[in-house]
Each structure stands twice: as C-alpha cells, then as structure tokens.
Amino acid sequence: DGGITQSPKYLFRKEGQNVTLSCEQNLNHDAMYWYRQDPGQGLRLIYYSQIVNDFQKGDIAEGYSVSREKKESFPLTVTSAQKNPTAFYLCASSPYPTGGPDTQYFGPGTRLTVL
Amino acid sequence: KQEVTQIPAALSVPEGENLVLNCSFTDSAIYNLQWFRQDPGKGLTSLLLIQSSQREQTSGRLNASLDKSSGRSTLYIAASQPGDSATYLCAVRQQSNAGNMLTFGGGTRLMVKP
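Sequence lines, in order, name chains S and E. Mapping the first sequence onto our numbering, position 99 (from 1) lands on 99, and the numbers just tick up by one. Mapping the second sequence onto our numbering, position 4 (from 1) lands on 4, and the numbers just tick up by one.
Honestly, I wouldn't trust all of these hints.
[Unchecked claim] Which chain E residues face chain S? A few, computed with CB under 10 Å, are given here:
hint	residue
1	Gln38
2	Gly41
3	Lys42
4	Arg109
[Stated by the list, open to error] Result set (DSBU-like, lysine-lysine): computed pairs, CA atoms no more than 30 Å apart in a straight line:
hint	chain 1	residue 1	chain 2	residue 2
5	S	Lys57	S	Lys83
6	E	Lys113	S	Lys14
7	S	Lys71	S	Lys57
8	E	Lys42	S	Lys14
9	E	Lys42	S	Lys70
10	S	Lys83	E	Lys42
11	S	Lys83	S	Lys9
12	S	Lys83	E	Lys1
13	S	Lys71	S	Lys9
14	E	Lys42	S	Lys57
15	E	Lys1	E	Lys42
16	E	Lys42	S	Lys71
17	S	Lys14	S	Lys83
18	E	Lys113	S	Lys57
19	S	Lys57	S	Lys70
20	E	Lys42	S	Lys9
21	E	Lys113	E	Lys42
22	S	Lys14	S	Lys57
23	S	Lys9	S	Lys70
24	S	Lys9	S	Lys57
25	E	Lys1	E	Lys68
[What the hints assert, rightly or not] One side only, chain S facing chain E, incomplete, derived with CB under 7 Å:
hint	residue
26	Gln41
27	Leu90
28	Ser94
29	Gly107
30	Gly109
Calculated directly from the structure, the hints in this document are not laboratory data. The structure presented is a predicted model; accordingly, all values stated were derived computationally and were not measured. For every residue, glycine included, the Cβ atom is placed at its ideal position computed from N, Cα and C.
Please work from the sequences and hints to get the whole structure.
As structure tokens, this is what we get:
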C-alpha cells in the first residue's frame, strides 16, 4: 500500500521546546516537500529536497530545520526560534526529475499546537 | 514573485447547482496548473492538472479551464452534491522552476447543502 505517512497526527509543544514531525514515503520519489497551512489560507513552502543529503529553503524556512539522510524520510524540526508555530503541517513527495505531467502527493498532515 | 488568488473564499450552494470556482495568477509563465481538494483536517488530493499548452481538462463532473495569457483558471463543478463539500485549492508551477515547487492560492471553502 504505497503512500505518504505523517506522524503524529496531533502534536502539542510547550514554549521553548523543539519538536520533530515525521514524514515517510514508500513511493520511491526523489523529491520531498514540507508546507505550512494556517487557518483559511493556502500552503506555504518551508523546505524541499530534490535528492538524498540535499535540501533547500522555501519561502518561510526561518525557525525550521530538516534532514534527508534516507530517500524515504524527510523529518521537519520546529525549533524554539519559530515564534508562531501553531499550524497544520503537510508533507508531500513527487517523482524527480519531472518533465511531463506531474503532481505532488500529500500526506495526511500533522496539527501542531503551542501551549 | 508569483501570487495566486482564489475567489470566492467561501461558497454555499444547494445540492444540484452548477458552480464555478475562480483562480487567478500574476505571472503567466507557468509550467502547469493544478486543482486540489482538501477535506477538513486532511491532506490534499489532486483533481485535475492542466499543462500550459492545454486549455482544459475534464474528470467526471469536474472541468478545469486555463487561460494563461489572462492569468486565469476556472473549476466547473456540475450537478453539485453534498459530498463535494471541501476546500478547493489551485496551485501553479513556474516554467523556471526546476524543483516542481508549487505556489498555492488561499482556497475556496465549498459547502453543498442537501
């Protein structure tokens, strides 16, 4: 059963804590992405990775960090430097390189709440 | 920088009505445009993808059109059903974008009442 899994579904963080969100895919996709979604808004790109051991900042990378040690895994750490981390976080993957009809496949999301 | 806008932000219609969702983008140099569906608290599901050379795509009761020169796309839903209730997001990929990165609109939250 191929797809993208994210865990946990709900996560609560205290002020000053770092937390790590998990994203795993078994689609054999090279590219992976992390997005943030605030209520009533679209998705904004945090980080993306086109290949193992390489990743790039997106539009809102400040206060976040990632790693890509394995093709199937792309964890996101929300650090204490992120001042407003309460949001819905979505992970996605896509085949790479892309040259024709393509899309991104999304996980079910993690809702992070700061207490 | 590309900006994507969706109007209206929310829409409530009675069951059976045909409806149109709008998406506009500021930079017409796009590679493709996609429409996604998002159910509350869930991830995104791709509905239709239109390449920049195409004018429209159809899937069942859904039809998406693209007018690249004017920076507009519409998603037409025929004979709406309560099960169509969800948020619909459009996203564009730029021609210069080698990493398949998408720019999303804010979404239209659709409610279809029985």
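Now the hints, each set against the structure:
1. Satisfaction of the interface hint for glutamine 38(E) is found here, the shortest Cβ-Cβ separation to chain S being roughly 9 Å, below the 10 Å cut-off.
2. Using the Cβ-Cβ criterion of 10 Å, the hint placing glycine 41(E) at the interface with chain S is satisfied: the shortest such distance is roughly 7 Å.
3. The beta carbon of lysine 42(E) comes within 6 Å of a beta carbon in chain S, closer than 10 Å, and the hint placing it at the interface holds.
4. Hint status for arginine 109(E) relative to chain S: holds, with the closest Cβ pair at about 8 Å, below 10 Å.
5. A threshold of 30 Å between alpha carbons decides the hint, and for lysine 57(S) with lysine 83(S) the separation of about 18 Å falls inside it, so the pair holds.
6. Under the criterion of a C-alpha separation no larger than 30 Å, the hint pairing lysine 113(E) with lysine 14(S) is inconsistent with the structure, at around 40 Å.
7. Restraint check for lysine 71(S) and lysine 57(S): the C-alpha separation of about 18 Å stays at or below 30 Å, so the hint holds.
8. Taken as a hint, the lysine 42(E) and lysine 14(S) pair is honoured in the structure, with Cα atoms around 24 Å apart against an allowance of 30 Å.
9. Simply put, lysine 42(E) and lysine 70(S) have alpha-carbon atoms about 25 Å apart, close enough for the 30 Å limit, and the pair holds.
10. Distance restraint check for lysine 83(S) and lysine 42(E): the Cα-Cα separation of roughly 24 Å lies within the 30 Å cut-off, and the hinted pair is therefore satisfied.
11. Restraint check: the Cα-Cα separation between lysine 83(S) and lysine 9(S) comes to about 21 Å, which is no more than 30 Å; the hinted pair holds.
12. Taken as a hint, the lysine 83(S) and lysine 1(E) pair is honoured in the structure, with Cα atoms around 25 Å apart against an allowance of 30 Å.
13. Among the hinted pairs, lysine 71(S) with lysine 9(S) is consistent with the structure: their alpha-carbon atoms are about 22 Å apart, no more than 30 Å.
14. Under the criterion of a C-alpha separation no larger than 30 Å, the hint pairing lysine 42(E) with lysine 57(S) is consistent with the structure, at around 24 Å.
15. At roughly 28 Å between alpha-carbon atoms, lysine 1(E) and lysine 42(E) fall within 30 Å of each other, so this suggested pair holds.
16. Using a Cα cut-off of 30 Å, the hinted pair lysine 42(E) and lysine 71(S) holds, with the two alpha carbons roughly 24 Å apart.
17. Between lysine 14(S) and lysine 83(S) the alpha-carbon distance is near 12 Å, which keeps this suggested pair within the 30 Å criterion.
18. A hinted pair counts as satisfied when its Cα atoms are at most 30 Å apart, and lysine 113(E) with lysine 57(S) does not qualify at roughly 42 Å.
19. Simply put, lysine 57(S) and lysine 70(S) have alpha-carbon atoms about 18 Å apart, close enough for the 30 Å limit, and the pair holds.
20. Distance restraint check for lysine 42(E) and lysine 9(S): the Cα-Cα separation of roughly 10 Å lies within the 30 Å cut-off, and the hinted pair is therefore satisfied.
21. Only pairs whose Cα atoms come within 30 Å are accepted, and lysine 113(E) paired with lysine 42(E) is accepted, the gap being roughly 21 Å.
22. Between lysine 14(S) and lysine 57(S) the alpha-carbon distance is near 25 Å, which keeps this suggested pair within the 30 Å criterion.
23. The suggested pairing of lysine 9(S) with lysine 70(S) holds, with an alpha-carbon distance near 22 Å, which does not exceed 30 Å.
24. Taking the CA atoms of lysine 9(S) and lysine 57(S), the gap is near 24 Å; set against the 30 Å cutoff, the hint holds.
25. Between lysine 1(E) and lysine 68(E) the alpha-carbon distance is near 16 Å, which keeps this suggested pair within the 30 Å criterion.
26. Annotation: glutamine 41(S) was flagged as interfacial toward chain E, and the flag holds, the nearest CB pair being 5 Å apart, inside 7 Å.
27. The beta carbon of leucine 90(S) comes within 6 Å of a beta carbon in chain E, closer than 7 Å, and the hint placing it at the interface holds.
28. A least Cβ separation of about 5 Å between serine 94(S) and chain E falls short of the 7 Å threshold, and the interface hint therefore holds.
29. Nearest Cβ of chain E to the Cβ of glycine 107(S): about 5 Å, under the 7 Å cut. The hint holds.
30. At about 5 Å, the closest approach between the beta carbon of glycine 109(S) and any beta carbon in chain E falls short of 7 Å, and the interface hint on this residue holds.
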